[in-house]
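Those protein sequences? They're chains P and V, same order as listed. Its first residue numbered 2, the first sequence is counted upward by one per residue in our numbering. Its first residue numbered 3, the second sequence is counted upward by one per residue in our numbering.
Hints in this document: simulated from the structure, not taken from any laboratory. Among the hints, erroneous ones may be present.
Under 8 angstroms between C-beta atoms, here's a sample of chain P residues computed to sit facing chain V [what the hints assert, rightly or not]:
| no. | residue |
| --- | --- |
| 1 | Ser-187 |
| 2 | Leu-258 |
| 3 | Arg-309 |
All figures in this text were calculated on a predicted structure; none of them were measured in a lab. Glycine residues also receive a C-beta, built at the ideal position from the N, C-alpha and C atoms.
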Amino acid sequence: MSEKYLPLTVTIGVFCILFVAGGLLYPNFFSTLVIGNILGDNAFVIIAAIGTTFVIISGGIDLSVGSMIGFVGVVMANLDAAGWHPLVSAPMMILFGAGFGALVGVIIDFCEIQPFIITLAALFLLRGACFMINLDAVPIRHPFVLEFSDMGISLPGGGWLSSSAIVMLVALAVAIVIAHWTEFGSAVYAVGGDAPSAKLMGVPMRKTTIKIYALGGTYSALGGVVYAFYTSSGYPLAGTGNELQAIAAVVLGGTLLTGGVGFVAGTLFGGMILGLIATLINFNGSLNGAWIMIAGGLLLFIFIVMHRFLVGSFKFRTGS
Amino acid sequence: MNTQTPSPKPEQPATRLPSSGGAPAGRWLALIRHRLVWPLMALALVLIVDALISPGFFNVRIVQGRLFGNVIDIFYRAMPTAMVALGMAVVIGTKGIDLSVGSIIAICGAIIAWRMHQGDSHFVILLMALAAGLACGLWNGFLVSVLEIQPIIATLILMVSGRGIGLMVNLLYGGTNPSFTSPLLQGLSVGSLGLIPTRLIVGAVIFFLLWLLVRRTAFGLFLESVGGNAKSARLAGVNARFVLLSAYLISGFLAATAGVILTADTHTSDPVSVASNIELDAILAVVIGGGSLAGGRIFLDGTIIGVLVIQALTTSILTSGLPPEYNLVVKAVVVLIVLLLQSSNMRAAVVSVLVRRKA
Numbered sequence: 002m003s004e005k006y007l008p009l010t011v012t013i014g015v016f017c018i019l020f021v022a023g024g025l026l027y028p029n030f031f032s033t034l035v036i037g038n039i040l041g042d043n044a045f046v047i048i049a050a051i052g053t054t055f056v057i058i059s060g061g062i063d064l065s066v067g068s069m070i071g072f073v074g075v076v077m078a079n080l081d082a083a084g085w086h087p088l089v090s091a092p093m094m095i096l097f098g099a100g101f102g103a104l105v106g107v108i109i110d111f112c113e114i115q116p117f118i119i120t121l122a123a124l125f126l127l128r129g130a131c132f133m134i135n136l137d138a139v140p141i142r143h144p145f146v147l148e149f150s151d152m153g154i155s156l157p158g159g160g161w162l163s164s165s166a167i168v169m170l171v172a173l174a175v176a177i178v179i180a181h182w183t184e185f186g187s188a189v190y191a192v193g194g195d196a197p198s199a200k201l202m203g204v205p206m207r208k209t210t211i212k213i214y215a216l217g218g219t220y221s222a223l224g225g226v227v228y229a230f231y232t233s234s235g236y237p238l239a240g241t242g243n244e245l246q247a248i249a250a251v252v253l254g255g256t257l258l259t260g261g262v263g264f265v266a267g268t269l270f271g272g273m274i275l276g277l278i279a280t281l282i283n284f285n286g287s288l289n290g291a292w293i294m295i296a297g298g299l300l301l302f303i304f305i306v307m308h309r310f311l312v313g314s315f316k317f318r319t320g321s
Numbered sequence: 003m004n005t006q007t008p009s010p011k012p013e014q015p016a017t018r019l020p021s022s023g024g025a026p027a028g029r030w031l032a033l034i035r036h037r038l039v040w041p042l043m044a045l046a047l048v049l050i051v052d053a054l055i056s057p058g059f060f061n062v063r064i065v066q067g068r069l070f071g072n073v074i075d076i077f078y079r080a081m082p083t084a085m086v087a088l089g090m091a092v093v094i095g096t097k098g099i100d101l102s103v104g105s106i107i108a109i110c111g112a113i114i115a116w117r118m119h120q121g122d123s124h125f126v127i128l129l130m131a132l133a134a135g136l137a138c139g140l141w142n143g144f145l146v147s148v149l150e151i152q153p154i155i156a157t158l159i160l161m162v163s164g165r166g167i168g169l170m171v172n173l174l175y176g177g178t179n180p181s182f183t184s185p186l187l188q189g190l191s192v193g194s195l196g197l198i199p200t201r202l203i204v205g206a207v208i209f210f211l212l213w214l215l216v217r218r219t220a221f222g223l224f225l226e227s228v229g230g231n232a233k234s235a236r237l238a239g240v241n242a243r244f245v246l247l248s249a250y251l252i253s254g255f256l257a258a259t260a261g262v263i264l265t266a267d268t269h270t271s272d273p274v275s276v277a278s279n280i281e282l283d284a285i286l287a288v289v290i291g292g293g294s295l296a297g298g299r300i301f302l303d304g305t306i307i308g309v310l311v312i313q314a315l316t317t318s319i320l321t322s323g324l325p326p327e328y329n330l331v332v333k334a335v336v337v338l339i340v341l342l343l344q345s346s347n348m349r350a351a352v353v354s355v356l357v358r359r360k361a
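Next up, chain P with everything else stripped away, as it sits in the complex (with noise of 0.2 angstroms):
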């Protein structure tokens, strides 16, 4: 087995374990049920997460994932009250997350900034603009958001893979062509792994960081719609600290923040490893919520250190 597959395989390796300890600990936990409610409770993270991917793999970050949900939602609610259909309004915001990230990506590239510094801006922005729209939730009444969160596929054993889930598992399916089979896609890889040898090569640079900030913005408002399907509101809170859930998610995976090296199918199972942990914390029912907080970070932990014996100091990271 190759190398680069490693982390991805520890990644699986350490969500079946979980998975395997929580059906000998819990009955009924070892079931199509929990698998299919990890998948839909957790997609919008999961979703927006798999854009991060393509960034933190071009070595940059973005930390406006979190706002990016709250400003779709609470914009999608007002819309809603405003008799738009939801089906008008969520292409809408998915192209306004689309540009948004391009605009962020042509001030990393023109000006220099850091991405972490100008993204955080942009929490900021958005942040801002859901609060200055609105304090309060707001109700998305339309009644095709009910018909939304009915639809789904039935799993064998009772289990019920919902339309959220559905979105994510396409989501995720494109994003992996987008990453494996397209020029675009090795431009990202050759960007994070090597920057100044991938500009020598020919790679676009300024085109392909604009690319990757559209793209991180079209999956974090593509996130933010799931989110507003599924909780049926927008609250301007949304979303909070969801951006470091996706980057945590993104880490679990096997992806290196230092860029190069990752695989977009790896942060699905980093973010249902994160879901998996807050549901064997729930079924235990006498645990307090804060253990979620803490099993994260512990979980975060571990992974990052195996990473930097694993894989860190061996042949594609010589650098460092």
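Using the hints, position chain V against chain P.
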């Protein structure tokens, strides 16, 4: 892949230019190239707008034996963020970042409330809180310097779990009522010494000590050298591990100071929401102050100006009568403008447009 060009160092301003001997134009040029000009202009702009929209903004009067007024208020409220931002400036100077400062503040607050309930001496509690900050710094520093993990992820671990740890500490004594009163801690936080609020004195003393450390000792030079080029620094005999570790210790300690002030201010421990987004404000302050995330430079004075810009914005939005909801958007827009002005590409583009128009 995107590195900001570092501003010129204060020791070597642009006076090397041939035209800058004594000619007014040269002096002007040297002045606008000084690294503090942009952050100071940003601060001046905010204050001028304040003066225009609310007359009497700069009035300072004495109420109940202490100074009172918007300007004092800006300093007063900026102090905790300033402490965090100074630590952040040191860490960023070593090419690192510390995302865990908010969590450290939460942990310190929880420990203070917990020990208060156990009835420890308040001075011991103060030392415990600061020690907790150092311990957190030690953890971050260990990950970054010994395990050589990228700072942004290394500190992400404590950022993700720290507030959970604070909640667990609250649970140690039931956690139903984490409020407390302490003349010592509240004296440090909300009290005043003569006319001046105590926390400003604490802040000034810490700033001065840190300035001595960074600007007047070899250690300060090591901090910047590790950030500038870790490999060369190591080859030159700098113990890079120890230097990196100390940077995170400093950041943890200063975050703990902010934690004591903030916790004593609210009389309670609230790990979930205390100091939320303070790491972002601190990083912004460092960047507005001219620091680059690429490392190698520590601008303590610029960082303080950066914090004041952010706080002045917040205070002016509150005094101007705009709804507080506008706070974040205005902050984002001002930060964007400052960032764009600091970018040399952007400045060149603006200048070329202006020149073309004149011609």
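Going down the list of hints, with the structure as the test:
{"no.": "1", "hint": "Ser-187", "result": "violated, 16 angstroms"}
{"no.": "2", "hint": "Leu-258", "result": "holds, 5 angstroms"}
{"no.": "3", "hint": "Arg-309", "result": "holds, 6 angstroms"}
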